[in-house]
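Asker: Going down the list, the protein sequences come from chains A and B.
What the first sequence shows, in our numbering, is residues 1 to 306, in sequence order.
What the second sequence shows, in our numbering, is residues 1 to 388, in sequence order.
Hint data in this document are derived by calculation from the structure and do not stem from the laboratory.
Keep in mind that the hints are not guaranteed to be accurate.
Listed next, the in silico SDA-like pairs over lysine to any residue satisfying Cα-Cα at most 20 angstroms (straight line) [stated by the list, open to error]:
#1 Lys178(B) / Val280(A)
#2 Lys79(B) / Arg121(A)
#3 Lys296(B) / Leu271(A)
#4 Lys245(B) / Asn126(A)
#5 Lys368(B) / Asn126(A)
So these bits of chain B aren't anywhere near chain A, every CB distance computed over 12 angstroms [as the list claims (entries may be wrong)]:
#6 Gly40
#7 Phe208
#8 Lys383
Derived coverage of chain A by chain B (criterion: at least 3 residues anywhere in the stretch with Cβ under 8 angstroms from a Cβ of chain B; other residues may be distant) [as the list claims (entries may be wrong)]:
#9 185-199
#10 228-234
The beta carbon of each residue, even a glycine, is placed where N, CA and C say it ideally should be.
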Amino acid sequence: MDAGVLAQYVFNGVMLGVIYAMVAVGFTLFFGVLDVIQFAHGDVVMAGAFVGLATYLALHALGIAAPAVVVLVVACAAGLGMALLGAIIARWLILPLRAAPAFNTLLVTLMLGSILRELVRLFYPNGSNPQPFPRLLPSASANLGHFTLRLDTTLLIVTGLVTIVIVNLVVRRTRLGLAIRAVAQDSETARVMGIDFERVVLVTFAIGSALAGFAGVVYGLYYNEVNFDIGLLLGVIGFSAAVVGGLGSIYGAILGGFLFAALQTIGSVALPVSSAYSNVFAFAVVIVLMTWKPTGLIAEPASERV
Amino acid sequence: MQRYLSFACALVLACATFLAPGADAKETVKIVFIGPLTGGNAALGLGGRNSADLAVQLHNADAKAKYTFDLVKLDDQCKPDIGVQVATKAGADSSIIAGVTHYCSAVAIATVDTYHKFGLPVIVWGAVLPAITYGNDYPEIHRVNGTMINQNDVNAKLVTGLGYKTWVIIHDTTDYGKGHDEYFTKYLTQDGGKVLADFGVGADQQDFTAILTKVKELNPDVVYFGGLTPIGVRVRSQMDKLGIKSQFEGTSGIVSDSYIQALGPLAEGTIAFIDGAPIEKLPGGKFFLEQYAAHKYAEPPEAYGAYAFVAANLIMDTIEKVGPNRKAVIAELAKTKDYPSIVGPVTFDAHGQNIVPIVTAYVVQDGKWVVWHDSDYAKGKRKLAGGK
């Protein structure tokens with residue numbers, strides 16, 4: 001295979017991996033802190049993309065056109081909006097169901113996902129149709145043989161990675177992170193130590209969902225098109241990536257995200273069967289990996305949970 | 001006092017019972033509309049629903065009509081399993097006499113057995129898979145729009161005639177996409193074109209960069225897409241991301257306002273085909289568009305609205321003739337010949353398929369689907385990709 005073509009596959013795969021990793025980190029954070037699976041997370045990504053899009057249209061109507069300002073405001077609006085949504089979900093859906101079987105949380109969030117999807121479809125103007133997402137990043141590109149290196153994609157990859165690193169630093173290095181990890185390890189003891197349990201849960205959901213909001217904007221800026229149903233598959237992929245990487249581990253989520261993107265790319269181009277089976281292939285490999293390492297490639301450090 | 005009151009009530013009730021039939025002498029007949037009202041293809045479905053609704057409203061406003069019609073609207077979500085559920089619901093409801101059914105081919109083909117089982121006469125208003133009418137001998141199934149066979153025949157002739165030599169085909173893996181793949185490949189090969197590669201993609205796939213990188217390496221003259229608008233938009237948009245300069249063409253599945261709305265300037269130059277003549281050019285087209293505008297529907301009729309309108313009208317006219325009886329409607333529909341409609345005369349062959357001799361080529365020009373022969377591209381004022 002031509003080196004340029006190979007480079008193109010890797011470049012696209014990395015971009016895809018960044019988006020998946022951003023979604024997977026949310027799943028892993030929620031599971032780490034509360035042992036819950038928030039199945040509407042993919043639709044939070046979608047909602048983030050639409051908040052970003054609506055913000056862009058508002059800025060456009062106000063006559064603000066400087067691309068740097070617009071990108072910043074759009075990303076912040078999506079991030080903050082989804083942080084708020086995440087905290088609301090945690091406060092009124094996840095926490096009240098804490099005593100109920102985990103199965104209920106899963107079902108409730110699954111239904112919430114459908115509600116979010118249909119709300120966007122019904123209330124966003126012309127929401128049933130694919131929506132154009134503006135091109136806000138510089139579109140300069142360099143052609144190296146068969147490889148097209150695009151500035152906008154490069155910026156998105158870097159931004160996505162930096163955001164994940166920041167979230168990781170927050171969890172590993174700050175007092176807030178310490179509280180999150182304490183709650184994750186043993187919520188009862190953490191409470192005894194004076195940690196405000198509810199606040200930590202809300203903040204964790206806010207952080208994970210803000211990341212999803214950013215992921216939505218990154219998605220929109222990369223594909224220049226968003227649709228009300230993009231969250232469904234993104235959610236399943238993000239969740240699989242988190243599980244195969246090791247639920248509860250941020251590094252695992254990142255690894256899982258890139259692994260899934262790589263599997264999809266290989267499934268599309270390197271297999272003798274039709275490219276239609278790329279998802280079948282990727283999910284099948286994930287299943288095999290899960291039977292081999294049930295706790296994920298990077299398992300959560302064993303913690304006593306009584 | 002109480003006794004007087006109850007007597008008064010009874011009197012009022014009795015009067016109401018006697019008077020009611022006088023106030024509404026017409027019998028109400030239920031017919032059903034089924035299409036994708038939610039999901040990625042909802043725009044087309046809502047356009048069809050509004051158009052069928054328009055037909056019913058216009059009919060009900062006609063004082064000479066014997067029956068008042070009630071249009072039941074059901075959502076198939078463009079998903080075969082949901083389609084079978086709602087088809088069963090409609091079929092099992094004996095008050096529903098006939099149906100205007102399905103835009104998505106994958107759903108329409110999945111439901112034919114259900115309609116046959118319940119003996120519910122239906123007229124398909126948008127799905128183009130040939131097997132829906134030709135794959136069975138069910139007298140219940142009819143279709144007013146054409147099939148993808150004629151569409152791909154005309155398509156292959158036009159594009160090979162422009163001088164293009166090599167193609168890559170991308171199609172979704174539903175019956176719809178696979179059908180287009182099969183017929184286009186057949187006619188293209190006959191007309192001397194060469195298919196370099198053929199990719200099947202999932203109907204909800206988001207990322208096509210891996211496939212398109214391969215396409216870029218193959219460097220075909222044309223990328224043919226067999227599928228519906230949401231995926232068509234993604235493929236076209238991601239082609240641009242990867243710097244693929246090939247001409248893009250699609251099927252009737254992407255001829256929608258939402259395709260252009262989602263892509264903006266990138267839609268320019270896309271070629272696609274539709275069965276039948278353009279609605280504006282038909283004798284009744286102006287009437288339809290005027291009435292549609294007058295009823296202030298929130299969504300545009302989209303490409304197949306006119307067919308849903310015709311299907312609903314044909315059903316209502318048939319019921320007017322033979323009465324609200326499924327068997328009689330089936331028998332009468334089979335005799336349909338040169339039924340005057342806004343999409344031209346409708347004649348059903350032995351399979352209930354309307355014989356539509358016309359296929360119209362479209363190209364996107366300045367943000368509109370323009371009939372190919374009227375476009376600047378056909379006149380040589382503008383050039384498609386590859387300078388054709």
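Asker: All the hints need checking, so say for each whether the structure fits it.
Answerer: Verification of the supplied hints:
1. As the CA atoms of Lys178(B) and Val280(A) are separated by approximately 18 angstroms, the hinted pair is consistent with the 20 angstroms bound.
2. Among the hinted pairs, Lys79(B) with Arg121(A) is consistent with the structure: their alpha-carbon atoms are about 17 angstroms apart, no more than 20 angstroms.
3. Annotation: proposed proximity of Lys296(B) to Leu271(A) is violated, straight-line Cα distance about 51 angstroms (limit 20 angstroms).
4. Our distance criterion of 20 angstroms between C-alpha atoms is broken by Lys245(B) and Asn126(A), whose separation comes to about 30 angstroms.
5. For the proposed pair Lys368(B) and Asn126(A), the alpha carbon gap of about 18 angstroms is at most 20 angstroms, so the pair holds.
6. A beta-carbon of chain A comes within 12 angstroms of the beta-carbon of Gly40(B); the shortest separation is about 6 angstroms.
7. With 12 angstroms as the threshold on Cβ separation, the claim that Phe208(B) sits away from chain A is violated: the shortest Cβ distance comes to roughly 8 angstroms.
8. The beta carbon of Lys383(B) is kept farther than 12 angstroms from every beta carbon of chain A, the shortest such distance being approximately 22 angstroms.
9. Check result for the segment 185-199 of chain A against chain B: violated, 0 residues qualifying (beta carbon to beta carbon below 8 angstroms, three or more required).
10. Against chain B, the segment 228-234 of chain A contributes 5 residues with a C-beta closer than 8 angstroms to a partner C-beta. That satisfies the three-residue criterion, and the hint holds.
Violation of the numbered hints given earlier is confined to hints 3, 4, 6, 7 and 9; the remaining hints are satisfied by the structure.
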